[in-house]
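Take the sequences, apply the hints, and build the full model.
Residue numbers (our numbering), protein chains in the order written: chain A, -16 to 228; chain B, -14 to 476.
Everything labelled a hint here was simulated from the structure, so no lab data went into it.
Fair warning: this is a prediction, and the values are worked out from it, not measured in the lab.
Note that the Cβ used here is the ideal one computed from N, Cα and C, for glycine as well.
Take the hints with a grain of salt, since some may be wrong.
Claimed, not checked - Simulated restraints on C-beta separations:
1. B:Ala315 to A:Ser130: 46 to 56 Å
2. B:Pro37 to A:Arg122: 12 to 22 Å
3. B:Leu122 to A:His10: 33 to 43 Å
4. B:Val133 to A:Arg70: 20 to 30 Å
5. B:Ser220 to A:Asn189: 42 to 52 Å
Stated by the list, open to error - Here are some chain B residues the structure puts well away from chain A; computed CB gaps all over 10 Å:
6. Leu60
7. Gly111
8. Arg140
9. Phe189
10. Leu234
11. Met239
12. Ser240
13. Ile241
14. Ile283
15. Asn321
16. Asn322
17. Leu332
18. Phe366
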Amino acid sequence: MSNAAATEPAAPLLQLSGIDTYYGEIHILQSVDLHVKHGELVCLLGGNASGKSTTLKTILGIVSPHLGAVVYDGNDVTRTSTSERIRRGMAIVPENRRLFGPMTVLENLEMGAYLRPRGDFEEDLDRVYSIFPLLAERRGQLAGTLSGGEQQMVAMGRALMARPKLLLMDEPSMGLAPILVERSFEIIQEVHQAGVAMLVVEQNANVSLSIADRGYVLSTGRIVLEGKASELVQHDELRKAYLGR
Amino acid sequence: MDRDRTDLPPENVEPGRPRVGVDEWVAQVDQRRDRPTGIAGVARRIGEVVTPPIRLAIVVVLAALVPLWLGEGDLFNYGIFVLLYILLGLGLNVVVGFAGLLDLGYVAFFGFGAYFYALLSSEHYGIHWPAIVSIPLVVLATSLLGLVLGIPSRRLLGDYLAIVTLFFGQAFVVFVNASNPKVAGKGLTGGPNGVADIDPVSFFGYEFTTRTQQYALLLAAGVVVLVGLHFLSESRTGRALRALREDPLAAEAMSIPVNRLKLLAFGIGAGIAGFTGCMFATLLTAVTPGNFDVPILITVYAVVILGGFGSLSGVILGAVVITVSFQFLAPENPQNNARVLFYTIILLAIVLAVRSWWRLLLVLAGTVGLGIAVHAIVAAFAPTWTSGQAVEAGRFGDLISDWVIIPQGHPDFGNVAYVALVVALLVLTQMRPTYRLLAIPAVAYLAAVVWETSFVEQPAVARWILFGALLVVLMNVRPQGLLGTPRVEIA
Ligand SMILES: Nc1ncnc2c1ncn2[C@@H]1O[C@H](COP(=O)(O)OP(=O)(O)OP(=O)(O)O)[C@@H](O)[C@H]1O
Ligand SMILES: [Mg+2]
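See the structure below:
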């Protein structure tokens, strides 16, 4: 808990230090250090099975690390339950969206706002509808019957309903047409500009680095590269691995 | 993405042609909405007009009229049992339907409520607490028991929870039946004999003695529970329960209090079962272990599955169909009942399989015509094959004997026909829809032949086969249950 970050004037919103996460016997994350400052947009890159989703799960408390600490908003939350972390302002757009298929768009959004005071519901809803006008149109449709792109909007809208301070996103561009990838990154930027700190897991290094403040690259459970997004784009190894150039 | 985009000048647009840059799908979503025709369409439109309060009013009025045309005995066998199963089904529906927790120990709550009430208000220990005290107490105790049994559901899911709860259900039966511990000088639960001489239900001196009064009491209770659950399912908590059923992990990630909701569902379900137990005990004035064994569990599940998991109206429909068909086929009832039900099932199966009016008429006419033709041809060439008489067919006897081929002196025919029917049904399910339409009359006729030559001889077997066939037909046509909503899989 007491590390360098705590003594800095502006302590980061989220700080992982020395995280080791196992699934049973399998060692996945190996001494991962990572932080997200207030209002910052950070992207986490890495190949398949490099442990990106596992990192998000560790942050959210769905799996707990063997070693290391997760500090959020000045408090050690390593042993705190998932729902408590969400109550304190984390939200996630999970991998594969995981919408509640037989429920309507509106009901899905409502579930995202489960912890919000009921009085604020309409206001939160209007805010999400103004970002995703399509959702207002489709509010009565069953989420499972939406197209992949539309589902992605619901998943993001659902996470935003909780008015998170820290939004975790697992591959928001997965399965989207190029134009929708662009659109969803525009939306990510909009949300970011509204002051929400974000940690975005992506395979799409080019686009995500173009909007991010900083980035990390994960490889077989270790952070192998980190730095300003503008610098990472120039990095030779990264370009070779992800940009194919 | 939005329908108001005007970046294309309107004169460029040919009417009816898709426009570039405008998401026609969204703009046309109303025009493109599927408008089902035929039977399904009529049902849909009726469903749109009949809102839940109207539906409830209709059901209550119909239910209130039932005592007018059923005698006391039938009112007990049909009316009261339907209501008991509705109550049980509603409780189970909260656990399995709303929250998706596979609870196979459910009947134990029903039994616990019944026995507990029996101990508080009967000759067994000479305690005669008034119902107004014992019923709330029992409901509370059963809910608490439900909460306790719900605790493993926090960690166990699916099959594992099912096994644990099934064990609990069986443990309950063994406890009341075999262990029957001695308390205050006598067996607590009365062993195999159970507890008898339970007080009739009375509130503030008003005794519910006639079946009509008891029916009215149960009906009122059913309405209260139904309305309560309706509001639960329409509430945010109800939607959270559904979210939990669909994807517990995602629900957890939305910070829905998953564990608390599971316990809530168990508690509510158990409470309703406990209440039903009280009613059951006081109406039958005796309880025995056999009342709370696996067959009841299966029946309650059948009620909920048939009606459609999660659907309240479905529970009512399921309870009516299952209880009525059960009683209708009871051995003490006339043999012809089974025949009437059999032909109704065939008709129902055809109606549900053929979804347009004119095709339905064709298929029905085809079935009748096929029968007449087959009968005429067989009668002309091999008279002994049609000279049999329909068994106990009453006033339909001649009609059936002139339509169905019932051979005389060919004892194996029924069995051969039965095997042929099973094969035909299997083939039917694999056929393409157009061919299936052509094959339905033949299979329906074959089914009639099997019934008249083979099943009528074995009423006890036929009852179960019929009951099973009814469920299979209904569930095949609507896998989601009669009034359930179809599952939507996330792509
Ligand atoms: N519950 C689990 N039990 C065992 N192993 C797991 C579990 N979840 C993930 N793993 C393993 O952990 C490793 C990292 O998985 P993770 O989901 O974090 O990868 P990822 O970086 O998100 O990959 P992708 O880009 O393909 O989503 C993988 O090898 C995976 O097989
Ligand atoms: Mg992943």
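Exercise for the section: Please flag the earlier hints that this structure goes against, numbers listed from lowest up. Expected result: 3, 10, 11, 12 and 13
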